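Trainee: Going line by line, the protein sequences match chains A and B. So that you can map any letter, position 19 of the first sequence is 19 in the working numbering, and since no number is skipped, the others follow by simple counting. So that you can map any letter, position 30 of the second sequence is 30 in the working numbering, and since no number is skipped, the others follow by simple counting.
Among the clues, some could well be false.
As the list claims (entries may be wrong) - FRET-style restraints, in silico, Cβ to Cβ:
no. : chain 1 : residue 1 : chain 2 : residue 2 : range
1   : B       : GLN59     : A       : PRO8      : 33 to 43 Å
2   : A       : THR82     : B       : VAL19     : 43 to 53 Å
3   : A       : ARG117    : B       : ASP3      : 19 to 29 Å
It should be emphasised that the hints constitute simulated quantities derived from the structure, not laboratory data. All values reported here derive from a predicted model rather than from experimental measurement. From the three backbone atoms N, C-alpha and C, an ideal C-beta is built for every residue, glycine too.
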Amino acid sequence: GAVVSQHPSWVICKSGTSVKIECRSLDFQATTMFWYRQFPKQSLMLMATSNEGSKATYEQGVEKDKFLINHASLTLSTLTVTSAHPEDSSFYICSARPHFKPGQGPPDGYTFGSGTRLTVV
Amino acid sequence: GEDVEQSLFLSVREGDSSVINCTYTDSSSTYLYWYKQEPGAGLQLLTYIFSNMDMKQDQRLTVLLNKKDKHLSLRIADTQTGDSAIYFCAEKVGDYKLSFGAGTTVTVRA
Numbered sequence: 001g002a003v004v005s006q007h008p009s010w011v012i013c014k015s016g017t018s019v020k021i022e023c024r025s026l027d028f029q030a031t032t033m034f035w036y037r038q039f040p041k042q043s044l045m046l047m048a049t050s051n052e053g054s055k056a057t058y059e060q061g062v063e064k065d066k067f068l069i070n071h072a073s074l075t076l077s078t079l080t081v082t083s084a085h086p087e088d089s090s091f092y093i094c095s096a097r098p099h100f101k102p103g104q105g106p107p108d109g110y111t112f113g114s115g116t117r118l119t120v121v
Numbered sequence: 001g002e003d004v005e006q007s008l009f010l011s012v013r014e015g016d017s018s019v020i021n022c023t024y025t026d027s028s029s030t031y032l033y034w035y036k037q038e039p040g041a042g043l044q045l046l047t048y049i050f051s052n053m054d055m056k057q058d059q060r061l062t063v064l065l066n067k068k069d070k071h072l073s074l075r076i077a078d079t080q081t082g083d084s085a086i087y088f089c090a091e092k093v094g095d096y097k098l099s100f101g102a103g104t105t106v107t108v109r110a
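Model the full assembly from the supplied sequences, consistent with the hints where possible.
Mentor: The following block contains the structure:
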């Protein structure tokens with residue numbers, strides 16, 4: 001089945017530094033990848049949708065200069081948390097959607113990575 | 001996530017059935033999903049149902065959909081300790097976005 005690899009699994013960084021999280025589709029091409037943020041005991045909040053070769057679409061309230069998304073290839077999307085602060089500490093999860101024509105695609109076409117626990121100290 | 005609501009906690013005895021309920025608001029949703037999240041891990045798709053179906057059964061899992069009331073439920077038969085996890089209900093919004101509920105923490109006790 002489709003596998004999405006997310007790296008690193010956890011990271012601790014100092015306040016003011018930047019952290020990059022990678023999301024790779026291992027056995028399929030992902031036209032679209034999604035980045036979510038999850039606070040403890042809460043749901044997943046969609047941060048942005050990244051499409052290969054174009055700018056990411058950010059959800060309302062998400063700072064695009066803070067959370068830089070790059071989807072340079074059909075198998076890799078990266079999320080960079082710039083100038084991280086303790087309030088950015090969270091669990092970040094990516095998901096990838098295989099390439100299908102608009103309106104098509106299997107209902108189970110969303111594969112999630114295993115998540116990245118970011119702690120900013 | 002506010003558009004999808006589900007109860008936050010469920011405690012069930014091992015061997016009993018678990019029922020997790022969810023309500024959603026988008027009547028145009030084509031697919032509804034149930035995902036499972038174990039501690040520190042990503043989301044695993046458990047099952048899904050197409051909006052023109054009322055019920056779907058997959059081994060120990062039964063999904064019921066009441067489209068009129070926008071109510072979705074997941075029944076896990078013969079609940080095991082390995083079923084302890086957070087279960088998320090999600091609806092497909094538009095072409096590809098998923099909107100998640102807050103998750104139901106299921107605790108299986110011996």
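Trainee: Sort out which numbered hints this structure fails and list those numbers smallest first.
Mentor: Checked against the structure, no hint fails, so every one of them is satisfied.
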